[in-house]
Amino acid sequence: MSIKTRMSGNEAVAHAIRQINPDVMPAFPITPSTEIPQFVASMIANGEIDTEFIPVESEHSAMSAAMGASAAGARAVTATSSCGMALMWEVLYVAASSRLPIVMALVNRGLTGPLNINAEHSDSMGARDSGWIQIYAENNQEVYDNFLQAHRIAEHKDVHLPIMVCQDGFITSHAVQNIVLWEDELIRNFVGEYEPEHYLLKEGESMAVGPYALSPYCMEAKKAQAEAMKRAKQVILDVAGEFEKITGQHYGLYEGYRLEDAEYAVVAIGSVCGTAKDAVDRLRDRGVKAGLMKIRVFRPFPGDEIGAALKNCRAVAIMDRAESYSSQGGPLGAEVTAAMYRAKAVAETVNIMYGLSGRDVRVADMEHVYESLQKLAAGEIRYPEYPYLGLRSASGDEL
Amino acid sequence: MFGKDGTEMRHLTEIRWHGRGGQGAKTAALLLADVAFQAGKQVQGFPEYGPERMGAPITAYDRISDQEIRVHSNIYEPDFVAVVDDTLLHTVDVTAGLKEDGGILVNTVRPKEEILPLLKEYPGKIYLLDARKVCMATLGRYFPNTPMLAAVVKISGVMETEVFLRGMETSLQHKFARKPEVLDGNRKALRLALEEVVECR
Chain W
1 MSIKTRMSGN EAVAHAIRQI NPDVMPAFPI TPSTEIPQFV ASMIANGEID
51 TEFIPVESEH SAMSAAMGAS AAGARAVTAT SSCGMALMWE VLYVAASSRL
101 PIVMALVNRG LTGPLNINAE HSDSMGARDS GWIQIYAENN QEVYDNFLQA
151 HRIAEHKDVH LPIMVCQDGF ITSHAVQNIV LWEDELIRNF VGEYEPEHYL
201 LKEGESMAVG PYALSPYCME AKKAQAEAMK RAKQVILDVA GEFEKITGQH
251 YGLYEGYRLE DAEYAVVAIG SVCGTAKDAV DRLRDRGVKA GLMKIRVFRP
301 FPGDEIGAAL KNCRAVAIMD RAESYSSQGG PLGAEVTAAM YRAKAVAETV
351 NIMYGLSGRD VRVADMEHVY ESLQKLAAGE IRYPEYPYLG LRSASGDEL
Chain S
400 MFGKDGTEMR HLTEIRWHGR GGQGAKTAAL LLADVAFQAG KQVQGFPEYG
450 PERMGAPITA YDRISDQEIR VHSNIYEPDF VAVVDDTLLH TVDVTAGLKE
500 DGGILVNTVR PKEEILPLLK EYPGKIYLLD ARKVCMATLG RYFPNTPMLA
550 AVVKISGVME TEVFLRGMET SLQHKFARKP EVLDGNRKAL RLALEEVVEC
600 R
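Chains as they are written, first to last, in the numbering used here: chain W, 1 to 399; chain S, 400 to 600.
For the record, the hints were derived by calculation from the structure and aren't laboratory data.
All values reported here derive from a predicted model rather than from experimental measurement.
Mixed in with the good hints, there may be bad ones.
Unchecked claim - Pairwise CB distance ranges (calculated): (1) S:Gly539 x W:Asp50: 37 to 45 Å; (2) S:Val508 x W:His368: 41 to 49 Å; (3) W:Asp50 x S:Tyr541: 38 to 46 Å; (4) S:Glu561 x W:Leu237: 44 to 52 Å; (5) W:Leu391 x S:Gly449: 13 to 21 Å.
Heads up, the beta-carbon is just placed ideally off N, CA and C, and yes, glycines get one too.
Please put together the full structure from these sequences, using the hints given.
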């Protein structure tokens, strides 16, 4: 039985944590993720779960405490956003290379500056090379379902890597929408007990976590970590398959929306994909073969799958919600075009910067993107630079 | 479900709230989403966040539909607008994008002769509610969001008022679980607001 209700994205994550009942949650408040530890702390105070909540003095400490708990053999979760995750920076890499399956709820918010609290992917995109698995959500339902699958992926013996479950700050974290919840017992059985093979508190086994590694060993450790990330791809699909069996919800590495025969495709991540779907339908009604590729898993990057799916498009817009200041475009643009090159795709491409610091994107904006793709494919326009969507400027860099 | 004029309702109703920080416009928007959900609707209720502080203008939104809501943008062409504080009429373009076949609801103690000139050239329906009067008669304190919520439901026809009142009973009991003494006043405020809201053009 499922429960039809309504809640915000932050409530949905807190509900998932209640159902999982992790052993330890160290957290430090930061907008827009603050509600998550707040709700969980209430659940603990009300006796609904027996998670050990650690009110740490900084995010660096939050991730350090999560590492300690995880290394000791506990199931550890935390939540943060933006500058909060930036303060975890050093420890993110240590957690990943120590192969600790920590689960983090990341409510995406731009990094300063200018100082701003709204949705942007610069926090998680900045951490794309830290060795964490990254899964993104379009709405409250997806962030809930993703969080429920996260421990199974991270703790899998082929993986042993931390995972961040991302959603767009305020846009989904604070919007109340319909959602379907799954029964507690169903989820408890699905997530299961955490039974690590090696951990610090294991009787009769001594081990070291995070020791110094000399050059003759360090490179092999990194290669082993990279291989684990590669294996995560299949594990993510397997876990999604099991989740579908009990809930009927289908998840993959990416979601193609009317993509199969699409001539004009948008590639994007997160809440903008819902808006893009409405635009796709409007264009299809006008006879334009528009489609959407919503990337769910950004780490590991499903390059082969993305390249193959976009191979027959005439023009592709890759949408980035994070500047990289590379003067070449954003991180998604770079990785998707590389994947398309390897797949020998011949589509025209444009990398579009959108939604920075919460800049709103309307259905009409996304229709404009598809119209631009038609002109690009017809050779009527060219984009020597990467344009900004909805920029209030006459510099010529706007789409 | 049918609207007030007997025609089949549009699949999607979009409502924009204007208020000042601390007046409960965000709470009203989220409550409306909540009660519309209980009436079987697909809903989306969300505030627009900026440099929030008490008294600063804030905006909140509701989408209520019979179909899945996928869009994640603010609302630029609302069917209805609710203005919780009439001083905003001087500083915020509250009718921006408001559909001509929709309507605007203003909470005010002032007569319509003073309010109508502030709504520019808006040709649609204009409704006024003296939420202060409703609050003082029922709650003894000024919480404009409860009567405004009832009035918005009435003017928009997003659900039958009886369905709304039944849904609010659940919401209020949940919200005021630790303050049952205010329940009756809130019930009365909802009903009185449904009577007091007037269409003045």
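Comparing the hints with the structure gives:
One distance hint, 37 to 45 Å for the beta-carbon pair glycine 539 of chain S and aspartate 50 of chain W, holds here, with the actual separation near 43 Å. For the pair valine 508 of chain S and histidine 368 of chain W, the supplied restraint of 41 to 49 Å holds, since their beta-carbon distance comes to about 44 Å. Checked against the hint of 38 to 46 Å, the pair aspartate 50 of chain W and tyrosine 541 of chain S passes, with Cβ atoms roughly 43 Å apart. Between glutamate 561 of chain S and leucine 237 of chain W the Cβ separation comes to about 49 Å, which falls inside the hinted range of 44 to 52 Å.
For leucine 391 of chain W paired with glycine 449 of chain S, a C-beta distance near 19 Å keeps the hint of 13 to 21 Å intact.
When each numbered hint is compared with the structure, no violation occurs for any of them.
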